[in-house]
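Asks: The first sequence begins at 12 in this note's numbering and counts up one residue at a time.
It should be emphasised that the hints constitute simulated quantities derived from the structure, not laboratory data.
As the structure is a computational prediction, the values presented were derived from the model and not from experiment.
Some hints here could point you the wrong way.
[Unchecked claim] What follows is a set of in silico ranges between Cβ atoms, one per label pair, in the way DEER data are often shown:
| hint | residue 1 | residue 2 | range |
| --- | --- | --- | --- |
| 1 | 369 | 232 | 42 to 50 angstroms |
| 2 | 412 | 244 | 51 to 59 angstroms |
| 3 | 253 | 152 | 22 to 30 angstroms |
[Stated by the list, open to error] With a Cα cut of at most 20 angstroms, we get these calculated EDC-like pairs of lysine to aspartate or glutamate:
| hint | residue 1 | residue 2 |
| --- | --- | --- |
| 4 | 236 | 147 |
| 5 | 28 | 179 |
| 6 | 397 | 460 |
| 7 | 323 | 117 |
| 8 | 20 | 59 |
| 9 | 97 | 63 |
| 10 | 397 | 345 |
| 11 | 445 | 401 |
| 12 | 88 | 76 |
| 13 | 269 | 369 |
| 14 | 296 | 235 |
| 15 | 244 | 152 |
| 16 | 90 | 133 |
| 17 | 193 | 442 |
| 18 | 296 | 386 |
| 19 | 325 | 369 |
| 20 | 167 | 117 |
| 21 | 325 | 117 |
| 22 | 363 | 318 |
| 23 | 390 | 344 |
| 24 | 390 | 401 |
| 25 | 28 | 63 |
| 26 | 456 | 344 |
| 27 | 210 | 386 |
| 28 | 259 | 373 |
| 29 | 123 | 174 |
| 30 | 15 | 63 |
| 31 | 363 | 238 |
| 32 | 193 | 179 |
| 33 | 210 | 110 |
| 34 | 266 | 387 |
| 35 | 261 | 117 |
| 36 | 456 | 270 |
| 37 | 376 | 436 |
| 38 | 93 | 133 |
| 39 | 20 | 76 |
| 40 | 125 | 152 |
Beta carbons are placed, not taken as given, at the ideal position from N, Cα and C, and that holds for glycine.
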Amino acid sequence: MQEKRYNSKTELLKRSKEAINIPFGQIDTTGRLGTTKNKGNVGQMFEECWFERKVNSRAEADFIELGVELKVTPCIKNKSNKYVAKERLVLNIIDYMTEVNKSFEDSSFWHKNKTLLLMYYEYFKDVPVSDFKILETLLYEYPEKDLIVIKQDWEKIVQKIREGKAHELSEGDTLYLGACRKGAGGEKDLRPQPYNSVKANQRAYSLKQSYMTYILNNYVLNQEKEEAIIDNKILLEKQGFENYIINKIKPYFGKSQKELIKEFKLNPAMKNVNERIIAAILGIKGNIAITEEFKKANIIPKTIRIEYGDKKIKESMSFPTFKFTEIIEEEWEDSFMYNLFSSTKFMFIIFKFDKNNELYLDNIKFWNMPVKDIEEVHKVWAETVKVIREGVVITTKNGRDFNNLPGQSFNNVSHVRPHGQNKADTYELPDGRKLTKQCFWLNNKYVLEQVLNKEVR
DNA sequence: GCATGATCATGC
DNA sequence: GCATGATCATGC
Numbered sequence: 012m013q014e015k016r017y018n019s020k021t022e023l024l025k026r027s028k029e030a031i032n033i034p035f036g037q038i039d040t041t042g043r044l045g046t047t048k049n050k051g052n053v054g055q056m057f058e059e060c061w062f063e064r065k066v067n068s069r070a071e072a073d074f075i076e077l078g079v080e081l082k083v084t085p086c087i088k089n090k091s092n093k094y095v096a097k098e099r100l101v102l103n104i105i106d107y108m109t110e111v112n113k114s115f116e117d118s119s120f121w122h123k124n125k126t127l128l129l130m131y132y133e134y135f136k137d138v139p140v141s142d143f144k145i146l147e148t149l150l151y152e153y154p155e156k157d158l159i160v161i162k163q164d165w166e167k168i169v170q171k172i173r174e175g176k177a178h179e180l181s182e183g184d185t186l187y188l189g190a191c192r193k194g195a196g197g198e199k200d201l202r203p204q205p206y207n208s209v210k211a212n213q214r215a216y217s218l219k220q221s222y223m224t225y226i227l228n229n230y231v232l233n234q235e236k237e238e239a240i241i242d243n244k245i246l247l248e249k250q251g252f253e254n255y256i257i258n259k260i261k262p263y264f265g266k267s268q269k270e271l272i273k274e275f276k277l278n279p280a281m282k283n284v285n286e287r288i289i290a291a292i293l294g295i296k297g298n299i300a301i302t303e304e305f306k307k308a309n310i311i312p313k314t315i316r317i318e319y320g321d322k323k324i325k326e327s328m329s330f331p332t333f334k335f336t337e338i339i340e341e342e343w344e345d346s347f348m349y350n351l352f353s354s355t356k357f358m359f360i361i362f363k364f365d366k367n368n369e370l371y372l373d374n375i376k377f378w379n380m381p382v383k384d385i386e387e388v389h390k391v392w393a394e395t396v397k398v399i400r401e402g403v404v405i406t407t408k409n410g411r412d413f414n415n416l417p418g419q420s421f422n423n424v425s426h427v428r429p430h431g432q433n434k435a436d437t438y439e440l441p442d443g444r445k446l447t448k449q450c451f452w453l454n455n456k457y458v459l460e461q462v463l464n465k466e467v468r
């Protein structure tokens, strides 16, 4: 096959846009779509059938003459009928052995993925791929502000490999550019790393799902921009994202909640008053969670209140409820909980009680769950699925129902407990009975240990 | 005091 | 109407 050449990025972009709204089945002239389960086949089909290029696995960008990498990527409408990226965008596999000797500018990531031709298509469950259509396309180059963060993400990933910790890499370590697992994770997907004899899971660079959603909303669908926190690129470059935020809040450490409420003229009755305080300090009007940077990086703020003397945190930390009939259909690697803990960074807003029981702002800590603890959540998840499949055993004592889902004594990291509005707030079990909505919680002791960075058990 | 169940209150 | 953060209640 004679490969077609594209003379300019404009010509390439124009060609990509001509594919909008044409069902994939009409574009696929080589039968690539229906033949394999290879997830890459949509991209390969476009490369071959639409752009008339040979499919390859070079370290170079697909359109080598223009330095443009082609990515065909799915989006879906979420519950609120808004378009979101369906998944992270997986880029090239990280060769731990060679990447450590490179600088960002000559890294394999930058070499191949400097400019992306993004083609977003809408994905529908239970609909054949041949019916999918391209929604919109764009040539994407990282905005300067994002590139600062992406460089820092890359440094963080490579630093971990240099420390002999490639096996501890996690998507939650970084903000926009992640190191996501690639392959099933079994023995055959283990790769050598240069500074440790322990083999590490194969991982690939990826743009986080949250970042892909951001691109979709802001550059493809041209929706309204979110409020941004970062307003000083030079400081950001110098300090890094986390320290940039921490340093903005630091002058207020040690101030009492009362003082801060007064200073920022907040309504003390607001249930999220602690988060409002931090938002006010950062100079933003809306919620921290919906600012541009927090959405892009999938950072969830969580307020934590520690009893006097660092003794304990009263309550465990809750997460969204799950449907019993849905969780039993999940695979761990694609499960909600795995995705949550492997790709989310949390911003812990730490308040402490002093000896007069007065609450004061103590610290800010960015945290993501270490891989070994994600494995603990895996155990709780697996037990939960097992109990639901076998039929939840409910015993009633003094008018209270007790179930055999994994409780706090089952595991040091996480447990499952009710989380509904009342007893009538239920989901159906696979056998038709109804049970109060449940969710995963992080054990209060575990959270305390992570926040204080020491053993408390 | 802790584990576990239950439910309140606010805001979207 | 419901998700979510927060908190209370009970009994071992």
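Asks: Which hints from the list above does the structure break, by number from lowest to highest?
Replies: Hints 5, 6, 7, 9, 12, 17, 18, 21, 26, 29, 31, 34, 35, 36, 37 are the ones this structure does not satisfy, whereas the remaining hints hold.
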